[in-house]
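Given only the sequences and the hints, what does the whole structure look like? Please build it.
Each chain, letter by letter, is given below.
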Amino acid sequence: MVDERTPGDPDDLPPDPVALAALIDAQRARTAADTEFAAWLVFGAWGLAWMVGLAGMWAAYTHRIALPFWASGAIFAALLVIAAVVTTVHTVRRTAGIVGPSAKQSAMYGWAWVGVFVGDGALMGALGRLDASPDVSLTVGSIVPALLVGGLYMAGGAAWHSREQFVVGAWICVSTVAAAFVGPPNLLLVMSLAGGGGMLVAAVVARIRRSGRRPSRPHDPGRLS
Amino acid sequence: MSADLDPVIHSQARLRIMTTLAAMPEGDRLTFPRLQKLLDATAGNLSTHLRKLEDAGYVDVAKGHAGRVPTTTVSVTRAGRRAFEDYLAALQALLTPPTTVSEEER
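For the protein sequence lines, the chains are A and B, in the order given.
First residue of the first sequence? That's 2 in the working numbering, and the numbers climb one at a time after it.
First residue of the second sequence? That's 195 in the working numbering, and the numbers climb one at a time after it.
The set of hints was computed from the structure by calculation and includes no laboratory data.
There's no promise every hint is true.
[Claimed, not checked] Taking lysine-lysine and the DSS-like style, the derived pairs with C-alpha atoms no more than 25 Å apart in a straight line are:
id, chain 1, residue 1, chain 2, residue 2
1, B, LYS246, B, LYS231
2, B, LYS257, B, LYS246
3, B, LYS257, B, LYS231
4, B, LYS231, A, LYS105
5, A, LYS105, B, LYS257
Here the structure is a predicted model, which is why all the values come from computation and not from measurement.
Okay, here's the thing in structure tokens:
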């Protein structure tokens, strides 16, 4: 029974099949925890930024709080920067030391985000030069980036066969369309609650699903293959 | 009882290496330091076991350069993936109640 050991190996064979299965499970969980994309973290960071930031802008715009509108915009921008940093750091850590097609795929997808948001910044600059009214700037400045986020999430869902990412993207697009019909200033509230809230719900669902995948049943042979 | 378990994989260290490499999407490679970290292994120990897996044709160890820094990357080969799946199937058979597998278990 023990003569399966390759000569010269340290005496490291797990004692029985159940222990072997548990060893495989534990290593799979470790690898997944270290290399898989933590959707809950990313949805959570962006959802929080949208919910708090956009609600703040709405409250400032409608004079419900004593905060200049530009300051509420700066707070939202800061929250978005934090979410972007969280996403970037997480992605870099997850993909470090992995080379090959999936790394290239992630890099291309990352550049798509950079590209569209540089473009969005340029659009806002152009609107400023055209002396667009505050309502026009607010509408374009909210709807366009939200549609870009929704579209990129849907594309990401398609690229990684991730239904949850696709659904979140589709939900953001739908909320944004609704916000466009509502118009300023309440479109901010719609995007805060529906868009930001939707991402937070997705974050909670992803977190629950993730903990459900942890090997709580090491004896279950059905999990092996 | 463990006659069907591939002796090349049937060691704690090599089973964990194969589990980790097989979890990567097809075509992806892990750098040696990242693999080492995922396994909490020492470099020497990991090299020893990788060599055994490489000799069996189960993993591909490639040495290259990233700029001036020498890099080693590891991936599971097609044969390695198949051997790992066979190992899992054999283990599965050992775990399944004997009444249903008595034929294959022999």
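Results for each hint:
{"no.": "1", "hint": "B:LYS246 with B:LYS231", "result": "holds, 20 Å"}
{"no.": "2", "hint": "B:LYS257 with B:LYS246", "result": "holds, 17 Å"}
{"no.": "3", "hint": "B:LYS257 with B:LYS231", "result": "holds, 18 Å"}
{"no.": "4", "hint": "B:LYS231 with A:LYS105", "result": "holds, 22 Å"}
{"no.": "5", "hint": "A:LYS105 with B:LYS257", "result": "holds, 20 Å"}
In this structure, none of the earlier numbered hints is contradicted; all agree with it.
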